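Residue numbers (the numbering used here), protein chains in the order written: chain A, 1 to 150; chain B, 1 to 150; chain C, 1 to 150; chain D, 1 to 150; chain E, 1 to 150; chain F, 1 to 150; chain G, 1 to 150; chain H, 1 to 150; chain I, 1 to 150; chain J, 1 to 150.
Hints should not be assumed to be uniformly reliable.
Stated by the list, open to error - In silico BS3-like cross-links for lysine-lysine, where the CA-CA straight-line distance does not exceed 30 Å: (1) A:Lys133 <-> J:Lys34; (2) B:Lys21 <-> C:Lys34; (3) B:Lys21 <-> A:Lys133; (4) H:Lys21 <-> H:Lys34; (5) C:Lys21 <-> C:Lys34; (6) F:Lys21 <-> D:Lys34; (7) G:Lys21 <-> G:Lys34; (8) D:Lys34 <-> A:Lys34; (9) C:Lys133 <-> D:Lys34; (10) I:Lys34 <-> I:Lys21; (11) E:Lys133 <-> F:Lys21; (12) E:Lys21 <-> E:Lys34; (13) I:Lys34 <-> B:Lys34.
Claimed, not checked - Over the 10 Å line for every Cβ pair with chain C, so calculated as not near, a few chain F residues: (14) Leu8; (15) Glu9; (16) Gln12; (17) Asp33; (18) Pro35; (19) Trp38; (20) Arg56; (21) Gly58; (22) Thr81; (23) Thr86; (24) Glu95; (25) Asp98; (26) Glu130; (27) Asn149; (28) Trp150.
These aren't lab readings, by the way, just hints derived from the structure by calculation. All values reported here derive from a predicted model rather than from experimental measurement. Glycine residues also receive a C-beta, built at the ideal position from the N, C-alpha and C atoms.
Now for the letters of each chain:
There are 10 protein chains.
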Amino acid sequence: MVAMIDKLEAGQIVSRARFVKGTTWRSLADAIDKPVVWTTAALLGQHALTSDDAWRIGEILELGDDVVEAMQVQPYRGSGTQQIPTDPTIYRFYEALDVYGPALKELIHEEFGDGIMSAINFNVEIERREDPKGDRVVVTLDGKFLDYNW
Amino acid sequence: MVAMIDKLEAGQIVSRARFVKGTTWRSLADAIDKPVVWTTAALLGQHALTSDDAWRIGEILELGDDVVEAMQVQPYRGSGTQQIPTDPTIYRFYEALDVYGPALKELIHEEFGDGIMSAINFNVEIERREDPKGDRVVVTLDGKFLDYNW
Amino acid sequence: MVAMIDKLEAGQIVSRARFVKGTTWRSLADAIDKPVVWTTAALLGQHALTSDDAWRIGEILELGDDVVEAMQVQPYRGSGTQQIPTDPTIYRFYEALDVYGPALKELIHEEFGDGIMSAINFNVEIERREDPKGDRVVVTLDGKFLDYNW
Amino acid sequence: MVAMIDKLEAGQIVSRARFVKGTTWRSLADAIDKPVVWTTAALLGQHALTSDDAWRIGEILELGDDVVEAMQVQPYRGSGTQQIPTDPTIYRFYEALDVYGPALKELIHEEFGDGIMSAINFNVEIERREDPKGDRVVVTLDGKFLDYNW
Amino acid sequence: MVAMIDKLEAGQIVSRARFVKGTTWRSLADAIDKPVVWTTAALLGQHALTSDDAWRIGEILELGDDVVEAMQVQPYRGSGTQQIPTDPTIYRFYEALDVYGPALKELIHEEFGDGIMSAINFNVEIERREDPKGDRVVVTLDGKFLDYNW
Amino acid sequence: MVAMIDKLEAGQIVSRARFVKGTTWRSLADAIDKPVVWTTAALLGQHALTSDDAWRIGEILELGDDVVEAMQVQPYRGSGTQQIPTDPTIYRFYEALDVYGPALKELIHEEFGDGIMSAINFNVEIERREDPKGDRVVVTLDGKFLDYNW
Amino acid sequence: MVAMIDKLEAGQIVSRARFVKGTTWRSLADAIDKPVVWTTAALLGQHALTSDDAWRIGEILELGDDVVEAMQVQPYRGSGTQQIPTDPTIYRFYEALDVYGPALKELIHEEFGDGIMSAINFNVEIERREDPKGDRVVVTLDGKFLDYNW
Amino acid sequence: MVAMIDKLEAGQIVSRARFVKGTTWRSLADAIDKPVVWTTAALLGQHALTSDDAWRIGEILELGDDVVEAMQVQPYRGSGTQQIPTDPTIYRFYEALDVYGPALKELIHEEFGDGIMSAINFNVEIERREDPKGDRVVVTLDGKFLDYNW
Amino acid sequence: MVAMIDKLEAGQIVSRARFVKGTTWRSLADAIDKPVVWTTAALLGQHALTSDDAWRIGEILELGDDVVEAMQVQPYRGSGTQQIPTDPTIYRFYEALDVYGPALKELIHEEFGDGIMSAINFNVEIERREDPKGDRVVVTLDGKFLDYNW
Amino acid sequence: MVAMIDKLEAGQIVSRARFVKGTTWRSLADAIDKPVVWTTAALLGQHALTSDDAWRIGEILELGDDVVEAMQVQPYRGSGTQQIPTDPTIYRFYEALDVYGPALKELIHEEFGDGIMSAINFNVEIERREDPKGDRVVVTLDGKFLDYNW
């Protein structure tokens with residue numbers, strides 16, 4: 001029987017191997033020709049890679065077969081429990097939602113009617129925008145509108 | 001002494017008055033010449049309006065003086081407790097963060113070094129992008145990068 | 001200004017008025033020509049009714065204008081917090097999900113690939129199936145498959 | 001003494017072995033002639049298999065004796081704590097219940113009187129329904145009605 | 001429109017009226033010819049009374065029409081959230097379950113096979129057993145066995 | 001130094017050994033001449049066995065010395081946190097308490113005055129009662145009344 | 001029908017009336033000839049007073065009849081949920097238990113065998129002990145030992 | 001580098017070694033000439049022992065060097081999270097506080113003014129008081145009064 | 001009897017009256033000659049004012065007698081439950097503690113030995129420090145060291 | 001592939017090695033010429049060290065390469081969940097915030113306008129201030145003011 005490792009453990013091993021080798025997430029994304037946020041999320045355990053892509057990453061980072069296999073498995077997504085994390089870099093996104101979430105809801109309904117922005121037919125981009133007063137992080141969430149369609 | 005009403009109650013009254021009159025959030029934002037996400041958040045109780053802006057909104061929606069006053073008060077921001085809401089339109093944003101939050105963290109650090117995207121020196125925009133396969137909700141989070149600067 | 005009442009309070013008033021008059025949910029659904037689960041959920045505060053439908057229900061149940069207005073307002077859906085209710089009739093559904101949820105996930109992925117059953121482009125039906133060993137409640141959840149489509 | 005492994009660990013091993021061998025849940029269900037949702041749930045640790053069925057599965061997936069034994073043990077069902085999971089494929093079912101649960105309760109009482117849909121004398125089916133606007137996941141919950149019978 | 005009162009409020013009013021008049025729960029149960037635990041639970045809001053029984057109790061305790069009506073309404077059972085109460089008289093039952101629950105589970109399975117004791121087709125009795133070392137509270141839980149019957 | 005194992009681990013080993021050998025809890029209880037609920041609870045880690053009884057059980061189930069030792073240790077009782085478990089066989093008892101707990105409290109006070117049913121000077125019995133409409137699980141909780149005695 | 005007030009509200013009214021009149025808890029305890037901790041707890045809603053004692057307190061503090069009545073009602077004890085309070089004067093007791101609770105458990109078992117200190121057949125005293133390095137609060141918890149007596 | 005073991009693990013090893021050897025906590029306290037509650041708490045991981053005392057205990061119980069070292073380390077005190085434990089012997093203390101905590105607060109303020117009983121400049125004693133109606137556990141909490149001293 | 005209002009409600013009334021009159025917290029502190037953080041905390045309900053100070057504040061802000069009385073009452077301090085607030089201005093302090101708390105603990109023990117910084121014999125100051133790169137908030141926590149003194 | 005260890009484990013190993021060698025945090029800070037609170041927090045896992053600094057610490061404390069590597073990795077900051085710790089030395093800081101947090105918020109807004117004290121562009125110092133009545137712990141939090149700047 002194959003030795004087992006779950007996707008979150010695999011994600012930690014990838015993350016550490018990447019750090020030790022000095023490889024960037026962006027270069028890993030380029031190597032498999034996928035968007036960078038998607039690739040990073042996938043390697044951290046939130047998406048399944050195709051077999052080819054998993055072996056390609058395994059080769060670059062010299063990962064074991066168990067890690068390569070784990071990358072291809074269908075994920076249980078998210079953190080597992082409905083709790084808000086403490087890391088400040090991540091928390092700021094939650095805080096922004098806590099403050100602006102109801103406003104976004106009102107404006108989605110005003111513009112589109114009753115429904116939601118899909119988090120499945122959905123993508124995220126992140127970029128740096130230079131600014132003389134200090135560069136800015138710009139994150140774009142882009143999801144299909146789904147109307148309540150009984 | 002003036003009768004008291006808190007900012008969340010004021011937000012509900014504004015929201016209902018707007019519905020009854022058939023006024024849009026966007027037209028309220030135009031009336032006080034502020035961005036629409038900011039204005040909606042402010043009217044729901046997450047920012048303080050200037051006295052002039054509060055009276056202008058009060059006039060348009062025919063609100064009582066207590067509501068107008070509450071709009072000018074400094075807010076206690078957020079929902080009050082660290083809990084994730086159930087409304088599907090709002091929840092999808094939390095789900096997206098739960099899935100992509102750690103990837104965004106990795107990429108902020110890769111691009112900017114150790115630090116965060118500010119949620120204070122920060123703004124949000126929402127727009128509709130037409131798409132033949134179904135229109136899309138596009139939300140842009142734009143915050144200044146702050147580095148850990150001891 | 002109009003007196004305010006929220007959708008959950010309106011739902012309780014509808015529910016009680018219906019009880020007092022001996023009207024069924026099914027007859028209310030028929031009166032506005034909508035599916036019965038949708039109508040019941042809407043009247044309990046989980047969907048917005050059109051103005052015509054709201055006035056039609058108001059007439060049948062002799063409801064106040066504030067209740068009729070509240071029925072038309074866009075809902076904040078769900079119970080508000082991510083907690084599991086205690087009522088046995090409702091709890092059994094949660095228990096079934098707790099036991100069979102991971103199996104449903106596996107089988108959705110096996111049949112459709114990576115994605116979800118939409119809870120927005122979605123409907124529910126409930127019917128009674130006669131059975132000599134005791135009649136059965138049959139609930140059908142029917143949602144569009146959405147694939148992870150970056 | 002026999003080495004010990006619990007049913008959830010056994011479920012993870014089955015799940016991985018199945019992935020590695022490219023076997024479907026459906027073919028495993030066929031091999032033991034049981035419904036597919038029941039079989040998947042059982043192999044994930046929510047039902048006990050008979051000794052024959054456990055050995056049959058063990059043979060197909062080349063599992064160790066400890067896994068085969070664990071499959072036959074009486075389960076502690078559910079996730080262990082009353083918490084709502086984050087995986088989007090599973091979460092959508094919880095969201096649907098949070099929105100439609102009270103309506104289902106009302107309609108069960110309207111049709112059957114005071115009581116519940118059993119989650120024990122109960123089964124679940126899942127099927128794909130083709131639809132030109134996108135195929136649909138159809139899940140049927142079918143449980144005996146039990147009345148409050150003091 | 002009738003003034004509204006919910007079943008828990010009605011339960012508190014009944015409880016206080018009973019205290020003021022010096023009436024026992026047992027005599028109320030006798031008045032409507034129902035078991036005493038059932039009656040007490042019903043009057044506290046956990047079961048619906050028939051119209052006749054509700055009016056009979058209303059007469060004895062001189063309750064308002066709103067209370068009498070609330071007694072007849074279908075309940076949302078339980079405390080609403082999955083939390084353990086602090087009152088020592090109630091807590092001891094939870095403590096006993098926390099200590100002996102897994103043992104009861106094992107013995108139900110040993111004696112009956114896989115299944116549960118129904119909490120719906122179920123009744124409870126309480127009695128005093130005299131004992132020279134101090135009288136004892138004897139509570140009997142009696143529920144139909146339901147087997148997992150797919 | 002002795003190898004260590006805690007009482008809950010010991011309980012799982014006992015439970016598995018019993019399953020593998022096909023021994024019943026009842027026969028284990030008979031072997032040490034103790035009530036069956038007490039014995040089952042004790043072997044699952046909720047009571048301490050005497051040295052003689054522990055060795056007797058160890059002999060029957062061919063357990064290691066570390067397990068036999070753990071059985072004699074004073075327990076930390078309960079599940080450790082004030083949370084309600086999900087296993088349906090156990091949950092039904094909690095649900096019954098949630099629904100009937102306040103009624104039991106009222107009736108204890110009506111019959112005995114202010115005080116509690118002890119969960120320490122306390123025992124539990126479980127038996128099967130045959131019934132043509134389906135056999136019943138009968139659980140009897142029997143505890144000394146303790147009055148608030150300052 | 002009598003106006004209703006619950007025991008916690010009654011406790012707040014007593015507390016405030018006492019403050020306004022400048023009466024001490026100790027003098028109230030003396031007036032009804034009961035221990036001071038018991039009396040204070042009772043007046044805050046944790047014990048029932050006899051009718052005579054309730055009227056005596058009502059007379060001293062010039063309380064309404066509804067408050068006097070509420071004092072005589074059987075309490076739901078404790079704070080209602082298993083949460084630790086924040087007030088520093090109360091929190092220190094919880095902290096002491098968190099640190100020394102397991103040690104007290106070990107020593108109770110060493111001295112008395114398996115069992116508990118009753119919190120029902122139980123009393124508490126508080127006194128001031130003068131000390132040149134700063135006076136001390138001395139709290140004595142005194143409860144009957146109850147052994148696990150099946 | 002030394003093998004590591006934390007203070008709670010060390011506490012479990014001490015506790016088991018003590019059980020196996022039949023040594024009492026009291027005799028361990030005598031061996032290092034410290035109060036018995038302090039010593040038991042310290043050995044369970046809530047205080048640091050001096051090097052001499054740790055080696056003395058290590059000798060008596062024949063503990064490994066890693067355990068002896070862990071005993072000398074500064075503790076993280078308490079259980080780690082603000083949760084109430086389920087063990088009945090410990091829970092009764094929490095219940096007593098839940099019921100009498102507010103009364104103790106009132107009486108501390110009445111006697112000493114605004115402030116707290118320190119849980120740092122603080123000690124606990126436990127003793128057995130013989131009583132013909134059943135012996136009693138007497139626990140004395142003795143802490144310096146600290147006034148709010150800005 | 002005086003109408004009742006609790007300290008938190010009184011705090012909200014003070015806060016609003018101050019806003020309406022355009023009075024600063026600092027001027028209120030000066031009026032009663034107390035430190036500004038202490039005064040603000042007291043007026044928000046966390047300390048008791050002397051009768052003179054309460055009447056002085058009442059005069060300045062034209063408050064009702066019930067508010068003035070509530071200011072003099074002994075507080076239940078803190079927010080009531082052990083939960084972390086969402087307001088960003090307050091949350092940043094909690095985040096800083098979550099990140100630096102264990103380091104502060106280590107350094108207190110390194111410098112002072114085993115013990116704590118008192119939060120009772122304790123004060124807080126806040127000041128603005130000008131800085132060309134952006135002014136800074138400087139908060140100083142100053143508490144007496146208390147050693148574990150058994 | 002390198003053996004993996006996470007930053008919190010690394011922090012525990014550092015902490016223990018430091019204890020065993022009798023090295024102070026202050027001397028470690030001096031060795032890498034960084035502020036002492038920053039260094040202690042970093043070594044406990046809350047900041048990343050440069051490669052040089054990590055190797056310098058590794059040399060002093062004779063740490064393994066895996067520990068040295070872990071020190072350089074970007075942290076997930078904080079304790080991971082939004083829970084308040086129980087250790088008294090740390091808890092006192094949380095208590096102080098619970099009592100004085102809203103006052104600090106009011107005064108930040110009064111002095112600086114709407115915004116926050118940054119916890120990123122932020123530092124902490126701790127010092128001992130001698131005092132004849134008992135030495136004091138003085139902690140200074142110093143963060144840049146950030147205004148809400150849309």
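Hint-by-hint comparison with the structure:
With a C-alpha separation of about 28 Å, the suggested pair Lys133 of chain A and Lys34 of chain J falls inside the 30 Å cut-off, and the hint holds. For the given pair, Lys21 of chain B sits about 27 Å from Lys34 of chain C by alpha-carbon distance, which is consistent with the 30 Å threshold. Distance check on the hinted pair: Lys21 of chain B and Lys133 of chain A sit about 42 Å apart at the alpha-carbon level, beyond 30 Å; violated. For the suggested pair Lys21 of chain H and Lys34 of chain H, the alpha carbons sit about 21 Å apart, so the restraint of at most 30 Å is met.
Taken as a hint, the Lys21 of chain C and Lys34 of chain C pair is honoured in the structure, with Cα atoms around 21 Å apart against an allowance of 30 Å. At roughly 27 Å between alpha-carbon atoms, Lys21 of chain F and Lys34 of chain D fall within 30 Å of each other, so this suggested pair holds. For a cut-off of 30 Å, the pair hint linking Lys21 of chain G to Lys34 of chain G stands: about 21 Å separates their Cα positions. Between Lys34 of chain D and Lys34 of chain A the CA atoms are separated by roughly 41 Å; this puts the pair beyond 30 Å, and the hint is violated.
Between Lys133 of chain C and Lys34 of chain D the CA atoms are separated by roughly 22 Å; this keeps the pair inside 30 Å, and the hint holds. Between Lys34 of chain I and Lys21 of chain I, the direct Cα distance comes to roughly 21 Å. Compliance with the 30 Å bound is thereby established for this hinted pair. The hinted pair formed by Lys133 of chain E and Lys21 of chain F fails the criterion: a straight-line CA distance of about 42 Å is larger than 30 Å. Between Lys21 of chain E and Lys34 of chain E, the direct Cα distance comes to roughly 21 Å. Compliance with the 30 Å bound is thereby established for this hinted pair.
Proposed proximity of Lys34 of chain I and Lys34 of chain B is contradicted: the alpha carbons are some 41 Å apart, above 30 Å. Residue-level check passed: Leu8 of chain F sits 22 Å from the nearest beta carbon of chain C, beyond 10 Å. With a closest Cβ-Cβ approach of about 25 Å to chain C, Glu9 of chain F is found to remain outside the 10 Å limit, as its non-interface label requires. Gln12 of chain F, annotated as away from the interface, keeps every beta carbon of chain C farther than 10 Å; the closest lies near 21 Å.
Chain C leaves Asp33 of chain F outside its interface by the beta-carbon criterion, the shortest separation being 38 Å against a cut-off of 10 Å. Look at Pro35 of chain F: its CB is around 31 Å from the nearest CB on chain C, clear of 10 Å, so calling it non-interface holds up. No beta-carbon of chain C comes within 10 Å of the beta-carbon of Trp38 of chain F; the shortest separation is about 29 Å. With a least beta-carbon separation of about 37 Å from chain C, Arg56 of chain F lies farther than 10 Å from that chain, consistent with its non-interface assignment.
With a closest Cβ-Cβ approach of about 35 Å to chain C, Gly58 of chain F is found to remain outside the 10 Å limit, as its non-interface label requires. Residue placement check: Thr81 of chain F keeps its beta carbon more than 10 Å from all beta carbons of chain C (closest about 16 Å). Distance to chain C contradicts Thr86 of chain F as a non-interface residue, since its nearest Cβ pair spans about 5 Å, not more than 10 Å. In this structure Glu95 of chain F is not separated from chain C by more than 10 Å, as the shortest Cβ-Cβ distance comes to only about 6 Å.
In this structure Asp98 of chain F is not separated from chain C by more than 10 Å, as the shortest Cβ-Cβ distance comes to only about 5 Å. With a least beta-carbon separation of about 19 Å from chain C, Glu130 of chain F lies farther than 10 Å from that chain, consistent with its non-interface assignment. Listed as outside the interface, Asn149 of chain F is consistent with that label: its C-beta sits roughly 34 Å from the nearest C-beta of chain C, beyond the 10 Å cut-off. Annotated as non-interface, Trp150 of chain F keeps its C-beta farther than 10 Å from every C-beta of chain C; the closest such distance is 34 Å.
Violated hints, listed in ascending order, are 3, 8, 11, 13, 23, 24 and 25; each of the other numbered hints is respected by the structure.
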